[in-house]
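Enquirer: The residues making up each chain are set out below.
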Amino acid sequence: MKIREIAEFLKGEVSGDPEVEIYGFSSLEDAKKGDISFVAEGKYVKLAEKSEAACLIVPSDVKIEGKNLIKVKDPYLSFIKAIEKFFPQEFYFPPGKNFFVSPSASIGEGTVMGEFSFVGENTRIGKNVKIGSLVYIGKNVEIGDGSIIYPRVSILDGTIIGRNVIIHSGTVIGSDGFGYIKRKKWIKIPQRGKVVIEDDVEIGANVTIDRGTFGETRIKKGTKIDNLVHIAHNVLVEENSIIVAQVGIAGSARIGKNVIIAGQAGIGDHTIIEDGAVIYGKAGVFGRVKKGEHISGFPPMPHRKWLRVASLLRRLPEIVERIRGNPEE
Amino acid sequence: MKIREIAEFLKGEVSGDPEVEIYGFSSLEDAKKGDISFVAEGKYVKLAEKSEAACLIVPSDVKIEGKNLIKVKDPYLSFIKAIEKFFPQEFYFPPGKNFFVSPSASIGEGTVMGEFSFVGENTRIGKNVKIGSLVYIGKNVEIGDGSIIYPRVSILDGTIIGRNVIIHSGTVIGSDGFGYIKRKKWIKIPQRGKVVIEDDVEIGANVTIDRGTFGETRIKKGTKIDNLVHIAHNVLVEENSIIVAQVGIAGSARIGKNVIIAGQAGIGDHTIIEDGAVIYGKAGVFGRVKKGEHISGFPPMPHRKWLRVASLLRRLPEIVERIRGNPEE
Amino acid sequence: MKIREIAEFLKGEVSGDPEVEIYGFSSLEDAKKGDISFVAEGKYVKLAEKSEAACLIVPSDVKIEGKNLIKVKDPYLSFIKAIEKFFPQEFYFPPGKNFFVSPSASIGEGTVMGEFSFVGENTRIGKNVKIGSLVYIGKNVEIGDGSIIYPRVSILDGTIIGRNVIIHSGTVIGSDGFGYIKRKKWIKIPQRGKVVIEDDVEIGANVTIDRGTFGETRIKKGTKIDNLVHIAHNVLVEENSIIVAQVGIAGSARIGKNVIIAGQAGIGDHTIIEDGAVIYGKAGVFGRVKKGEHISGFPPMPHRKWLRVASLLRRLPEIVERIRGNPEE
Chain A
1 MKIREIAEFL
11 KGEVSGDPEV
21 EIYGFSSLED
31 AKKGDISFVA
41 EGKYVKLAEK
51 SEAACLIVPS
61 DVKIEGKNLI
71 KVKDPYLSFI
81 KAIEKFFPQE
91 FYFPPGKNFF
101 VSPSASIGEG
111 TVMGEFSFVG
121 ENTRIGKNVK
131 IGSLVYIGKN
141 VEIGDGSIIY
151 PRVSILDGTI
161 IGRNVIIHSG
171 TVIGSDGFGY
181 IKRKKWIKIP
191 QRGKVVIEDD
201 VEIGANVTID
211 RGTFGETRIK
221 KGTKIDNLVH
231 IAHNVLVEEN
241 SIIVAQVGIA
251 GSARIGKNVI
261 IAGQAGIGDH
271 TIIEDGAVIY
281 GKAGVFGRVK
291 KGEHISGFPP
301 MPHRKWLRVA
311 SLLRRLPEIV
321 ERIRGNPEE
Chain B
1 MKIREIAEFL
11 KGEVSGDPEV
21 EIYGFSSLED
31 AKKGDISFVA
41 EGKYVKLAEK
51 SEAACLIVPS
61 DVKIEGKNLI
71 KVKDPYLSFI
81 KAIEKFFPQE
91 FYFPPGKNFF
101 VSPSASIGEG
111 TVMGEFSFVG
121 ENTRIGKNVK
131 IGSLVYIGKN
141 VEIGDGSIIY
151 PRVSILDGTI
161 IGRNVIIHSG
171 TVIGSDGFGY
181 IKRKKWIKIP
191 QRGKVVIEDD
201 VEIGANVTID
211 RGTFGETRIK
221 KGTKIDNLVH
231 IAHNVLVEEN
241 SIIVAQVGIA
251 GSARIGKNVI
261 IAGQAGIGDH
271 TIIEDGAVIY
281 GKAGVFGRVK
291 KGEHISGFPP
301 MPHRKWLRVA
311 SLLRRLPEIV
321 ERIRGNPEE
Chain C
1 MKIREIAEFL
11 KGEVSGDPEV
21 EIYGFSSLED
31 AKKGDISFVA
41 EGKYVKLAEK
51 SEAACLIVPS
61 DVKIEGKNLI
71 KVKDPYLSFI
81 KAIEKFFPQE
91 FYFPPGKNFF
101 VSPSASIGEG
111 TVMGEFSFVG
121 ENTRIGKNVK
131 IGSLVYIGKN
141 VEIGDGSIIY
151 PRVSILDGTI
161 IGRNVIIHSG
171 TVIGSDGFGY
181 IKRKKWIKIP
191 QRGKVVIEDD
201 VEIGANVTID
211 RGTFGETRIK
221 KGTKIDNLVH
231 IAHNVLVEEN
241 SIIVAQVGIA
251 GSARIGKNVI
261 IAGQAGIGDH
271 TIIEDGAVIY
281 GKAGVFGRVK
291 KGEHISGFPP
301 MPHRKWLRVA
311 SLLRRLPEIV
321 ERIRGNPEE
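Keeping their order, the protein sequence lines are chains A, B and C.
Quick note, the first sequence lines up with residues 1 to 329 if you use the working numbering.
Quick note, the second sequence lines up with residues 1 to 329 if you use the working numbering.
Quick note, the third sequence lines up with residues 1 to 329 if you use the working numbering.
If you are wondering where the hints come from, they were derived from the structure by calculation, not from laboratory data.
Just so we're clear, the structure is a prediction, and the values are computed from it rather than from any experiment.
Warning: the hint list may mix true and false statements.
Copies of the same chain are indistinguishable here, so a pair counts whether it falls within one copy or spans any two.
As the list claims (entries may be wrong) - Below, a list of computed lysine-lysine pairs in the DSBU-like style, where the Cα atoms sit at most 35 Å apart: (1) Lys291 x Lys139; (2) Lys32 x Lys220; (3) Lys257 x Lys81; (4) Lys50 x Lys63; (5) Lys221 x Lys11; (6) Lys182 x Lys290; (7) Lys257 x Lys291; (8) Lys291 x Lys127; (9) Lys188 x Lys97; (10) Lys139 x Lys220; (11) Lys71 x Lys185; (12) Lys185 x Lys46; (13) Lys97 x Lys291; (14) Lys291 x Lys32; (15) Lys81 x Lys33; (16) Lys71 x Lys184.
Could you put together the complete structure from these sequences and hints?
Expert: Spelled out as structure tokens, the structure:
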């Protein structure tokens with residue numbers, strides 16, 4: 001399509017030749033002739049000048065000599081919208097022929113069942129759901145309209161999944177929580193609760209989310225979870241939080257809204273992380289993190305302090321030596 | 001059922017009205033009218049007084065005004081027994097119609113094979129085993145009576161699994177160990193050993209346990225393993241140990257009896273952890289941990305010392321400043 | 001077979017009785033009568049003297065009294081070659097009867113498709129590929145000759161896999177990268193790139209490798225990846241690197257040739273690790289690691305320095321106390 005068509009769709013203003021044809025899209029660095037790309041902020045203008053892109057979506061106040069531009073308010077968001085409109089691509093969910101759906105289960109209109117997939121008793125799957133191949137869905141499960149379950153996912157008994165949820169391959173939702181009491185040997189505490197995943201949540205590959213012991217484990221609306229994350233029984237994650245790869249959240253922790261937990265961080269059991277907090281990568285957090293706090297390290301501490309502690313740690317041999325006034329053996 | 005019936009089963013003494021009907025069970029905090037719950041220790045009495053539970057299982061010496069009580073010696077254990085007796089619930093293992101069992105394999109009486117599951121040559125599966133859907137079991141595998149294999153598990157060639165073992169979804173038992181020797185490129189060391197999982201072991205979701213290089217990787221009786229744990233080739237875990245989520249245990253490590261390894265800890269190769277040791281979350285341990293020691297941190301150190309080191313670390317900028325007698329730049 | 005035959009195959013020199021029969025192989029410690037084993041270096045001679053092995057493959061200059069020896073230049077490599085020659089054992093890849101291959105897909109000569117496996121549109125699988133049971137392969141995938149895909153693996157749309165690649169059970173290749181932009185809620189950035197796995201790569205169990213956002217995620221020739229590793233979108237791992245279990249590599253990181261990243265280490269986004277660097281276990285690395293550097297800890301620092309810092313940390317309470325001249329409260 002032409003730059004003009006994209007600009008019309010984005011309600012943007014063209015600077016340059018609106019009749020140039022666009023054949024693909026790319027990041028600024030990788031852009032080839034015929035690609036559309038974008039400049040999120042003024043600071044990328046230098047990079048943009050060297051780009052081979054045929055057209056750049058830019059902030060309204062940015063000028064780049066000799067380039068065809070579409071000026072918009074929010075270039076990154078406009079770029080995403082343009083890709084989805086002009087280069088739509090859906091993951092491949094071929095309808096299977098050989099799959100099992102329990103007679104008591106219901107499957108909504110437009111829903112695709114993948115090959116070798118299984119749906120158990122009394123499970124209700126909404127409309128336009130995409131279920132990949134080799135998926136296991138137990139009994140008494142609910143899956144809302146428009147959700148996407150990639151191949152090789154397990155959704156165990158009683159799990160409730162909202163609308164427009166995306167679950168990537170290899171993930172297990174509703175495994176037993178890890179709970180025992182010690183007598184002569186470890187006695188298993190029955191794990192009878194469930195998992196609730198609200199609308200618009202996305203869950204990465206090979207994640208595990210355990211069911212509640214008696215109550216529920218709940219991931220609220222709009223939260224996004226990366227690969228290989230572990231979420232234990234009775235955890236609550238509030239809306240629009242971000243949980244990066246390999247994070248572990250122990251039992252009964254409460255994670256607020258708009259929280260970010262970076263890769264490989266660990267959250268202790270019964271920990272409370274208030275809204276808007278940021279937990280940096282590899283941090284080990286327990287107790288309570290207050291609203292909007294930024295926490296790093298293990299032991300955990302405010303991120304700014306951690307930066308100073310980290311700097312001192314790296315110089316610790318020199319510091320100790322200097323203070324002692326003689327070489328540290 | 002009535003409080004009286006539960007008390008009879010538990011051999012407990014009723015204080016209050018034994019004719020009250022019980023409809024469900026719950027934790028103390030979440031208990032609704034009609035629920036039974038429990039008070040593990042005297043310190044929860046305050047919480048119990050506010051609980052809406054219709055009946056509380058309590059230690060023999062605890063009194064709670066205005067509540068129906070069942071007095072027993074071990075309230076938590078009694079509560080678990082009561083749930084299992086009066087609210088039995090089994091995970092859903094529907095017998096499949098379309099699965100593959102090799103002609104040379106044997107399947108015991110009462111064993112359920114799930115839909116789209118596979119059992120290879122010369123594999124012997126005991127009685128009353130539950131095998132979920134989409135499970136892969138290779139050749140020369142043995143699985144003991146009463147074990148439960150959740151959907152989407154891999155049990156690879158030669159693995160030996162005892163009785164009453166539980167393996168959760170997504171787990172892989174018997175993958176190759178990670179062993180190479182460096183010449184011009186990395187040469188794979190053949191991984192020809194096996195995995196042995198003894199009776200009463202429970203293994204969480206998306207765990208990986210590698211086969212021995214030549215010998216075996218063994219998890220002994222009663223040990224419990226949480227989600228996303230990695231156990232490398234030739235590891236030995238003795239009886240009744242607890243390994244929490246995202247722990248990694250490197251090759252040839254030896255973990256004693258009654259050891260607890262908390263979340264995200266790492267155990268170096270050939271490390272020996274003696275009986276009863278406790279490794280705290282995120283610790284990185286190598287060498288040898290002696291009987292009953294409590295170890296934290298990385299570098300690892302006795303937990304009590306770590307608490308002091310952690311406290312000093314958090315104040316490191318102030319300490320350095322004060323010692324120097326001038327502000328740390 | 002006899003020692004003589006093995007020696008001939010290895011072009012080694014026999015010292016002792018070449019007519020002794022060999023029935024098995026083992027590590028030095030576990031060797032039973034009739035086993036062949038090896039001595040990698042002179043320092044294991046003491047251990048070798050006590051070994052029950054019927055024959056030892058040893059370095060040319062090593063003498064062990066009373067043992068049958070095969071003297072070679074590279075005993076470990078020779079031992080591996082002898083195992084593969086005289087005790088060949090292939091993982092069990094039984095040809096399935098009930099699997100799905102899209103009509104537009106092509107499967108090379110000698111390739112085995114496992115039971116309940118799926119191959120999507122336009123996918124091209126080479127010759128002598130082994131595909132286990134319950135494997136999902138999407139559309140437009142390529143898999144080169146001689147590769148081995150263990151049961152229960154997902155290879156998603158557009159993934160390119162080279163020759164003689166090994167992928168262990170539970171692994172997911174080509175899941176979406178974790179990318180969102182924050183507006184009122186998190187907006188998903190389309191993940192339209194792919195994953196390329198070059199020849200001779202081995203990937204462990206329950207690993208996740210995300211597709212590129214627009215470009216690619218690439219693992220180059222000969223690199224070996226252990227279990228439960230996470231590799232994010234747009235990462236490049238160069239040739240012959242080693243990535244140990246539970247490592248996480250964040251988006252757009254560049255890992256050089258012959259790099260070793262030990263267990264549970266984390267590599268920050270856009271980090272560059274130059275050729276030959278070694279990242280120790282549990283390290284958290286960001287920025288740039290120079291050629292051949294050895295890095296430990298978090299904050300990351302040269303390994304030698306970390307050893308000193310670690311030693312000081314363990315003595316921190318005593319050091320602070322002594323410097324202050326009074327007991328630290």
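Enquirer: Flag every earlier hint the structure violates by its number, smallest first.
Expert: 1, 8, 13
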